[in-house]
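**Student:** Residues per chain are reported as follows:
There are 2 protein chains.
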Amino acid sequence: MMDTPLLLTPFLERAERYFPKKEIVSRTHSGIQRINYRTWAGRTRSLASALDKLNMKKGDRVGTLAWNHHRHLEAYFAVPCRGGVLHMVNIRLSPEHLVYVINHAEDRILLIDIDLLPVVESIKDQLTTVEHFIIMSDESVLPGTTLSPVYSYEKLVEEGDHSYPLLHDLDEQSPAAMCYTSATTGNPKGVVYTHRGIYLHSMALGMADSLGLREEDVAMPVVPMFHVNAWGMPFAAVWFGTTQVLPGPSFTPKILAELIQSEKVTITAGVPTIWIGLLKVLEEYNISISSLRALVSGGAASPRGLIQAYEEKYGVPFIQGYGMTETSPIVSLSKLKSSMKEFDLAEKINIRTKTGLVVPGLEVMVVNEKGEVPWDGKTMGELIVKGPWIASEYYDDTRTQEAFKNGWLYTGDIAVMDEEGYIKITDRTKDLIKSGGEWISSVDLENALMSHEGVLEAAVVAIPHASWQERPLACVTLKDAYKKLVTEQELKNFLKTQFANWWIPDSIVFMDEIPKTSVGKFLKRALREQLQNYFMDTE
Amino acid sequence: MMDTPLLLTPFLERAERYFPKKEIVSRTHSGIQRINYRTWAGRTRSLASALDKLNMKKGDRVGTLAWNHHRHLEAYFAVPCRGGVLHMVNIRLSPEHLVYVINHAEDRILLIDIDLLPVVESIKDQLTTVEHFIIMSDESVLPGTTLSPVYSYEKLVEEGDHSYPLLHDLDEQSPAAMCYTSATTGNPKGVVYTHRGIYLHSMALGMADSLGLREEDVAMPVVPMFHVNAWGMPFAAVWFGTTQVLPGPSFTPKILAELIQSEKVTITAGVPTIWIGLLKVLEEYNISISSLRALVSGGAASPRGLIQAYEEKYGVPFIQGYGMTETSPIVSLSKLKSSMKEFDLAEKINIRTKTGLVVPGLEVMVVNEKGEVPWDGKTMGELIVKGPWIASEYYDDTRTQEAFKNGWLYTGDIAVMDEEGYIKITDRTKDLIKSGGEWISSVDLENALMSHEGVLEAAVVAIPHASWQERPLACVTLKDAYKKLVTEQELKNFLKTQFANWWIPDSIVFMDEIPKTSVGKFLKRALREQLQNYFMDTE
Chain F
1 MMDTPLLLTP FLERAERYFP KKEIVSRTHS GIQRINYRTW AGRTRSLASA
51 LDKLNMKKGD RVGTLAWNHH RHLEAYFAVP CRGGVLHMVN IRLSPEHLVY
101 VINHAEDRIL LIDIDLLPVV ESIKDQLTTV EHFIIMSDES VLPGTTLSPV
151 YSYEKLVEEG DHSYPLLHDL DEQSPAAMCY TSATTGNPKG VVYTHRGIYL
201 HSMALGMADS LGLREEDVAM PVVPMFHVNA WGMPFAAVWF GTTQVLPGPS
251 FTPKILAELI QSEKVTITAG VPTIWIGLLK VLEEYNISIS SLRALVSGGA
301 ASPRGLIQAY EEKYGVPFIQ GYGMTETSPI VSLSKLKSSM KEFDLAEKIN
351 IRTKTGLVVP GLEVMVVNEK GEVPWDGKTM GELIVKGPWI ASEYYDDTRT
401 QEAFKNGWLY TGDIAVMDEE GYIKITDRTK DLIKSGGEWI SSVDLENALM
451 SHEGVLEAAV VAIPHASWQE RPLACVTLKD AYKKLVTEQE LKNFLKTQFA
501 NWWIPDSIVF MDEIPKTSVG KFLKRALREQ LQNYFMDTE
Chain P
1 MMDTPLLLTP FLERAERYFP KKEIVSRTHS GIQRINYRTW AGRTRSLASA
51 LDKLNMKKGD RVGTLAWNHH RHLEAYFAVP CRGGVLHMVN IRLSPEHLVY
101 VINHAEDRIL LIDIDLLPVV ESIKDQLTTV EHFIIMSDES VLPGTTLSPV
151 YSYEKLVEEG DHSYPLLHDL DEQSPAAMCY TSATTGNPKG VVYTHRGIYL
201 HSMALGMADS LGLREEDVAM PVVPMFHVNA WGMPFAAVWF GTTQVLPGPS
251 FTPKILAELI QSEKVTITAG VPTIWIGLLK VLEEYNISIS SLRALVSGGA
301 ASPRGLIQAY EEKYGVPFIQ GYGMTETSPI VSLSKLKSSM KEFDLAEKIN
351 IRTKTGLVVP GLEVMVVNEK GEVPWDGKTM GELIVKGPWI ASEYYDDTRT
401 QEAFKNGWLY TGDIAVMDEE GYIKITDRTK DLIKSGGEWI SSVDLENALM
451 SHEGVLEAAV VAIPHASWQE RPLACVTLKD AYKKLVTEQE LKNFLKTQFA
501 NWWIPDSIVF MDEIPKTSVG KFLKRALREQ LQNYFMDTE
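The listed protein sequences correspond, in order, to chains F and P.
Numbered per full-length UniProt numbering, the first sequence spans residues 1 to 539.
Numbered per full-length UniProt numbering, the second sequence spans residues 1 to 539.
Treat the hints as calculated values from the structure; they're not laboratory data.
Don't take each hint at face value.
Repeated chains share a single entry, so a pair holds when one copy, or any two copies, can fit it.
Claimed, not checked - No more than 20 Å apart at the CA atoms, straight line, and that leaves these computed lysine to any residue pairs for SDA-like:
#	residue 1	residue 2
1	K21	K341
2	K57	R108
3	K21	S339
4	K516	L456
5	K386	Y18
6	K386	E172
7	K386	H168
Model the full structure from these sequences, guided by the hints.
**Tutor:** See the structure below:
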């Protein structure tokens, strides 16, 4: 067979050649902008020529601090298709961590959204490797800034070479992109994505037994493009010539709902908190999401009630995906096997609440100290993953050895495997509650609480306990209409119908808001810190 | 990213682990046999253990002379997943060519269907490398045979190790399989498929924008498993846990129709002559093919009337595929772009009559001496192909340099490219008719003739001509009901409504049957030989 390397350049060329009129729809500060793939490809080539003029060499890291829009998508290809490495900086990191990741990655060039300029200005003196700042805005006029040397993105693109050649002769194992995980303790850890990894992951996204992303889709990645490449969707969508809707900065659930309706979005992806918010909007406003053929949710488990609402009320398949920064990210999807097609809706939703079936191309196991756990839906173990789009290390980081062992990635997630081979994450290893030598799943309790009609959000954490080692404590946010109407005892009784007595949280604390990480997950570390003396105080 | 090699072993393991109850349905000499993937995987492992006992070493070629059935599918994995190379011998080759390919590939072991035993017995004394003969039949009792040493397939499988380990540590560029092209002149040419090539090709078959093969499909490859791996379908189907229906030896169109109906086949693939035959059966008998979501046709262009009949009368999308032994084989598919969804049926069928749009992962161009031809649907050139599942050479063959140049495979097919990037094959380079310095497409004339209500088959060949260099001559078979009712003049007039005068064949010869190659294509070489003095005689 030909030794054709698996690269990103043919992705762009396919869109440019066969789907020149298909559109990328961006919501920017100055409104909706539509450009087609022909224009986009020309602009991408032009950006590549400008970066080369700034002396971007093979392997050089180019950072982006940007929302989801066509300019970010141009950088997605302009950098790696000339041999550079796109570092998508997670703009929600703390200033200290921003400095850390930009310096650790040794970014030589930064591309910055205009509204994120103040952040970069505030840390500029601590950046040790950045040589050029490029400001992305809708105009080619530069704003006033303390950054230097500084360039206008639009001016560079205007003046560059719109037919600039992209590379076909890179090694497929060359780095193409990198992201840092938002670690809960210590500095963020870097993950490098190769051309080969992104190529195979994109193929996986296109497979009918995975998301089946295709040309006729209108794809809206709500998950940020600085968060695991927006789950890889923008790369694959370019390859297939799929229409993309990029929701830009500071969107609300209502804005998303309106975009789905007006652009006839067929597939969208984001974290559960987004879909909780969208649901509220749909209940309030007369906005149709009937164009959706799939709503993909990941980053955290979705409560059953949420899944049920989308499936039952709106007829939209709610597909949970599992993955992490280290896995590109797609590992598994809660899609139904053909043998489950005759299930009734409740049984189907049972499957949808699971973390899913591994996609073709990867291997997964749930293991404990004895090896793979039985497929009984009960025995917990750690989920481990292997395959060609799974990281093999953290970038220049001694913490590599904690997660990568014997050719497998140890995910740090506790899971069970059912008789059909569906994974169900029951906890993070560090969030698991070890009570009297037994394990209690914080996620199971959270999902149960969130299935109560009055509960909006719930987080369960382990609290040190003198006799039991650890005990669960639940933090709950009630829906507006139920505030002050639902009591602790009522929720405990509700849980008792589903769990053994020793699983029931000793206390349930009502909060106005549960602290969340930069990507919308519950920040359990903060909760634990805030609550760690709770039992000791009240005992 | 992990350096996980792209191998076939995980295909089998995925079916075994996640879809153990899904079935492989084989039509054998003793009737329909059903085995599930768990049983099949155990048998495959057992066969692998038996082959290892026969001292199959890495890189050793193991030949099969077999129809489409579960045993052949077992060999498909038992051989490459232990490092051997599966040589699917085209059983329709002449005895001389059979001897050539088996000796040229240096097959050490042959697996032979019981009804093909006489063929092998007749050439056994000329086979220089074969050390073991394994007879595949439904019983474990050996038939009388002059072959030696000889083994019963079922006995080997019975006595082998059903948990035998398959390999995960092969180089992905290792050879996994090989086929020989049925060359029109000279000896057949060998093409070697690597693990990587088959893996990526299988991913491509699973992509929604390609065939979208998936777990819930019931796939019936009618194309023989000795012909380009049955277009790769059996490999991909195992990976996805797809139900497979393997139609076995000496099937008729009626048997195929009945299998589609009884097994609820959703996707099937074969050459146009098969679908012409099936159509006749559907007109005669009350058999439903409504379970089909796609009928894939390749190996030769399909006449418009055929496509139309399936789409209009039966509501079955008729998808033409293009490929060759050298291309694994999927290169392009006549699927519609989303912008064509609003086309009326006639316009849609126009697209279906084309050779199609290149699938993601490959690059194609139509070139003449000036480079890529304009995308005007008119300018002819040679189709060239590049990509990770395209061969880079013929196995141990000096003819490599004729087809593989500058990193591209020169297909020998003459094509045009339309404004949307759809390829349309107009001829083989050697079948193209060069008349007075202009090119005439034999395929266009054939398709036009076959769209006449009375015509069953038509082949157009070039005949030497004193003044014009070459002129077209058409050979036509009429449908039974039209025999002797359609005249040469009527067909010429029919063509004149569609083509310039100088395209019209000088003569139309009526035949009872048009000679075909071993895989059902018109054997134009034989026709040309038979007719080469036609003009000189009649002028």
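**Student:** Find the hints from earlier in the document that the structure breaks and name them by number, from lowest to highest.
**Tutor:** As far as the earlier hints go, not one is violated by this structure.
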